[in-house]
Amino acid sequence: FVDLAGPLPGLVVSAVFAGLVALLSLRLQFATMAAAATASAPTHTEGEH
1 FVDLAGPLPG
11 LVVSAVFAGL
21 VALLSLRLQF
31 ATMAAAATAS
41 APTHTEGEH
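Residue numbers for the sequence shown follow full-length UniProt numbering, beginning at 1 and rising by one.
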């Protein structure tokens, strides 16, 4: 990160952080959806391990 004086670096950092969080949540959603699609085989049931 570029270390500047003023409110702009904080805005940039918060924007980047928000983007990373959004990307992470999207990746988690897709990962769980893919896992559910692959685990829909009868070996896995919802309540049992």
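No wet-lab data here; the hints were simulated from the structure. Keep in mind that the hints are not guaranteed to be accurate.
Stated by the list, open to error - Computed spacing ranges between beta-carbons, pair by pair:
id, residue 1, residue 2, range
1, 36, 9, 37 to 43 Å
2, 9, 39, 40 to 46 Å
3, 35, 10, 43 to 49 Å
4, 39, 17, 28 to 34 Å
5, 19, 40, 29 to 35 Å
Every residue gets a Cβ at the ideal spot worked out from N, C-alpha and C, and that includes glycine.
These are the hints, each one checked on the structure:
1. Look at residue 36 against residue 9: about 40 Å separates their beta carbons, and that is inside 37 to 43 Å.
2. A hinted range of 40 to 46 Å holds for the C-beta pair residue 9 and residue 39, which are about 43 Å apart.
3. Take residue 35 and residue 10: their Cβ atoms lie about 37 Å apart, and the range 43 to 49 Å is violated.
4. Taken as a hint, the range 28 to 34 Å holds for the pair residue 39 and residue 17, whose Cβ atoms sit roughly 32 Å apart.
5. At roughly 32 Å, the beta carbons of residue 19 and residue 40 sit within the given window of 29 to 35 Å.
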